[in-house]
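> Now for the letters of each chain:
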Amino acid sequence: MPAIKVENLSKAYQLGQIGTGTISRDLERWYARMRGKEDPFLRIGESNDQYTKSESDVVWSLKDINFEIEQGDAVGIIGRNGAGKSTLLKILSKVTAPTTGRISGKGRIASLLEVGTGFHPELSGRENIFLNGAILGMRKKEIQRKLEEIVDFAGIERYLDTPVKRYSSGMYVRLAFAVAAHLESEILIVDEVLAVGDAEFQKKCLGKMGEVSKGEGRTVLFVSHNMGSIASLCNQCIFLQNGLVKDFGNAKDIINHYLASLKNTNKVYVNDQFSDLPIFTRVEVMTSEPGAIQLNGKDLKIEIDVYMPKNLTGMAVSIQIMNENELPIIFTYIFDTSQPILRDVGIHKLKCVLPKCKLYENNYYLKVHLAESKGKTKFQEIDNICAFQVQMPDDHIEWGWQKDVCIYTEKFEWEISSANN
Amino acid sequence: MDHKEEYHWTIEAKASLFDLKLNEVWAYRDLLVLLVRRDFVSFYKQTILGPLWFFIQPLFTTIIFTFIFGNLAGISTDGLPKPLFYMAGITAWNYFADCLTKTSTVFKDNAGIFGKVYFPRLIMPLSIVVSNLVRFGVQMLLFLLMMAYYYLSGAIFHMTSAIFLFPFIVILMALLGLGAGMIISAMTTKYRDLAFLVTFGVQLLMYATTVIYPLSEAFSKYPDYAWIIAYNPMTPIIETFRYGFLGEGSFSWGSLGYATAVTTALLLFGIVIFNKVERNFVDTV
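Protein chains in written order, with UniProt numbering: chain A, 1 to 421; chain B, 1 to 285.
It should be emphasised that the hints constitute simulated quantities derived from the structure, not laboratory data. Note that the structure is a prediction, hence the values are computed from the model and not measured. Watch out, some of these pointers could steer you wrong.
Estimated spans, in silico, between C-beta atoms of each pair [to be verified]:
hint, chain 1, residue 1, chain 2, residue 2, range
1, B, 228, A, 139, 45 to 51 Å
2, B, 52, A, 139, 55 to 61 Å
3, B, 161, A, 161, 47 to 53 Å
4, B, 45, A, 170, 20 to 26 Å
Backbone N, C-alpha and C define an ideal beta-carbon position, used for all residues, glycine too.
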């Protein structure tokens with residue numbers, strides 16, 4: 001029997017302004033319900049794709065999700081931003097209720113969606129341990145029993161009676177994680193909160209979570225963008241895409257599937273829908289080699305077409321190059337104020353060259369922004385387009401190019417001298 | 001095989017309206033205590049006067065009421081020393097009003113924490129009511145000191161056995177404020193309009209309660225409209241309070257029973273709609 005069973009789970013969110021015009025809508029909803037009809041504003045079938053405009057302003061963050069998690073499994077939840085990961089965790093932690101469907105489970109849940117929820121800056125570390133522990137559902141006796149262990153794990157013994165507002169951010173995170181990790185729960189849910197701490201502490205946390213799942217047989221659910229941590233901690237993985245379970249199974253396979261899905265996006269972005277607002281019509285990355293492969297050290301070119309429906313000044317275009325961990329590596333921009341661009345009606349072509357681009361081998365994609373800087377209007381932001389892969393030049397260095405040793409290379413010179421002189 | 005019974009919990013889209021989740025609240029009772037402690041400690045941190053601040057507000061209000069309503073307008077105080085009469089009303093009213101206004105913004109004030117972690121949401125309004133009890137206690141002390149002063153200087157008043165109803169009255173005030181506050185808080189998560197009405201409304205409501213005049217005076221001056229005041233559930237509470245401590249006031253078991261009935265009804269309704277809103281408020285706040 002599974003520890004958590006999720007059946008037909010869906011969650012709808014309303015986009016746009018809430019409050020204005022909602023009374024009439026609520027009345028319409030209520031009227032539809034009275035007649036036994038379906039809610040007119042909740043149309044299932046609308047997909048949660050952030051980059052296309054939808055007719056309804058209700059968006060399905062999760063759509064008809066089904067899965068089962070066995071006790072003792074460490075399950076990674078992966079997917080692009082907005083895939084529904086956080087929504088799923090919120091529903092599991094009972095912070096918000098699902099729109100349809102149900103989840104059944106066994107045992108107490110401890111969830112860490114944010115570091116230090118409920119911490120009061122004026123209270124001491126000790127008082128906050130008790131408060132935070134109680135918020136997470138621990139009884140006072142239980143906290144008392146675990147106090148030493150928590151303090152030890154967080155390494156804040158000397159500061160135990162100091163108000164937490166005087167803590168460094170690292171100590172703060174350590175303390176918060178320590179409290180949640182020591183809760184005697186059967187299920188531990190951790191959102192990407194560890195990113196705040198330093199590398200050593202992240203390792204310690206992952207170690208603790210591993211111990212929790214492997215050693216104590218507790219179930220762990222873990223959201224992260226860092227595939228390395230997911231791979232080292234989790235044996236199972238859920239890959240969410242646009243609110244649907246795209247894949248579920250063995251962690252290594254799912255991670256590869258996810259990474260492959262990132263690569264497979266087209267290297268050209270084309271949009272043939274014009275509107276009365278400025279809009280990108282084409283974005284293309286021109287890599288040095290065919291097949292969307294860029295060699296480290298060669299020029300990287302990005303071509304952008306923008307359609308201007310009217311005369312505007314103060315336009316700005318910016319490009320971010322992101323790596324597969326969704327980490328922005330390069331940011332570049334062009335402003336009308338420094339060099340006239342996009343002032344007239346029609347399609348404009350912009351070309352950006354990064355000479356001798358020194359990105360390290362990895363998978364990358366672009367995020368582009370179109371805005372007007374005077375009125376601070378953001379017209380468009382497109383994420384996850386124009387994927388390309390960087391490879392290192394084929395000169396055989398002694399060890400070969402290791403993965404993830406850096407994200408960027410630079411020219412360097414060594415000076416050699418002998419200490420004997 | 002049907003294993004449904006073996007699951008410990010289920011999360012569903014719709015929950016029963018009448019599941020008040022009181023057992024869950026009981027399981028989190030330690031949290032209630034810690035929250036009250038937090039409120040108390042954080043209030044004093046970095047203040048010089050500390051708890052003295054609790055004295056200042058009722059004291060000044062009493063002085064001003066004595067001048068304006070007592071002397072300038074000449075409203076009767078049933079033969080009681082004016083400051084004592086007002087202080088009794090203000091102390092009781094303040095507790096109710098604090099419970100009401102603070103509870104009515106509980107979702108807005110705690111949106112951050114409610115959005116990140118689950119615990120029975122009822123704990124929050126409950127902790128507000130209990131925290132305010134501390135403040136009320138300090139103000140009661142001031143009231144008792146004042147009684148002692150007037151007693152020694154020979155003013156005429158006497159305690160009655162209705163004073164034994166005091167704990168009951170305090171609970172009644174707390175629950176009335178809690179119930180009404182929860183209803184407002186549940187209604188303001190989506191439509192904020194009501195929130196503007198609360199501070200203003202509580203002020204107006206005070207004049208429809210026997211804080212600055214005795215009920216008998218209302219009946220003698222406006223016999224046709226005094227029923228509005230009499231049907232205000234706070235009126236019997238304050239009248240009983242005054243009758244118990246000072247020996248003047250319209251006390252009857254009937255009116256107190258009425259106040260209890262209204263309180264129970266508001267409280268139950270409050271919990272039901274609070275629990276209903278709590279499930280999804282994070283999405284709309």
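> Taking the hints in turn, state whether each one holds.
We went through each hint and held it up to the structure:
no., hint, result
1, B:228 x A:139: 45 to 51 Å, "holds (48 Å)"
2, B:52 x A:139: 55 to 61 Å, "violated (35 Å)"
3, B:161 x A:161: 47 to 53 Å, "holds (48 Å)"
4, B:45 x A:170: 20 to 26 Å, "holds (24 Å)"
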